[in-house]
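Q: Turn these sequences into a full structure, and let the hints guide you.
Each protein sequence line maps, in turn, to chains A and B. Mind the numbering: the first sequence is residues 1 to 116 in the working numbering, read in order. Mind the numbering: the second sequence is residues 1 to 111 in the working numbering, read in order.
Please note that the accuracy of each hint is not assured.
Stated by the list, open to error - Straight-line C-alpha distance at most 16 Å; calculated EDC-like pairs for lysine to aspartate or glutamate: (1) Lys98/B x Glu2/B; (2) Lys70/A x Glu30/A; (3) Lys98/B x Asp26/A; (4) Lys98/B x Glu56/A; (5) Lys53/A x Glu72/A; (6) Lys55/A x Glu30/A; (7) Lys68/B x Asp54/B; (8) Lys98/B x Glu22/A; (9) Lys70/B x Asp54/B; (10) Lys3/A x Asp28/A; (11) Lys98/B x Asp38/A; (12) Lys106/B x Asp38/A; (13) Lys70/A x Glu17/A; (14) Lys70/B x Glu14/B; (15) Lys67/B x Asp78/B.
Calculated directly from the structure, the hints in this document are not laboratory data.
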Amino acid sequence: DVKVTQSSRYLVKRTGEKVFLECVQDMDHENMFWYRQDPGLGLRLIYFSYDVKMKEKGDIPEGYSVSREKKERFSLILESASTNQTSMYLCAISSHGDSRNQGGYTFGSGTRLTVV
Amino acid sequence: GEDVEQSLFLSVREGDSSVINCTYTDSSSTYLYWYKQEPGAGLQLLTYIFSNMDMKQDQRLTVLLNKKDKHLSLRIADTQTGDSAIYFCADHSGGYQKVTFGTGTKLQVIP
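A: Here it is, written out as structure tokens:
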């Protein structure tokens, strides 16, 4: 089975800190995504990447950046954490050629970030 | 942009059937998905349906698609306490490999 690993389950950071959230996959999937999940708002796409060194803005990219230097790793960076970035962050992957899931995503377990 | 809507909460008794509903706006959808999220976990793909299908059955799960009304539903037969979770509807739209998620429906199963 495909595995998507997010480096931390829970994280507490101070306002103004630079925060790195890491996501690593153990398959050769092209597409990687970062979402945040908030009650009543569902999942909102922050950034995604179709290949190494490629990145595209999602629906709510403000205050975030990403890095994809290697195919298996996609990092989400909060340049200067603020309290309104307190949320659950979910990484997901998919593959163009995944006929079993037909483009459906495989998710990591999530990182619950609290900014104080 | 594309929009996917669900009711926020559903409560059913153990053994009854659950029906979770979803509406979407994108007429060019190719696939629609149902995901399950258990407490403290990420989302798990439950099932999907291709847009030219009306129905798909997979054990206790039945997915119905009304493409004319842009309405998708997930029926869970013989609902168990282990089915308690948040269920997300999702629509493959907005470009290659990009998926839009609904707000999620929290299913509570009463023993």
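Q: Which of the listed hints are not met by the structure?
A: 3, 8, 11, 13, 14, 15
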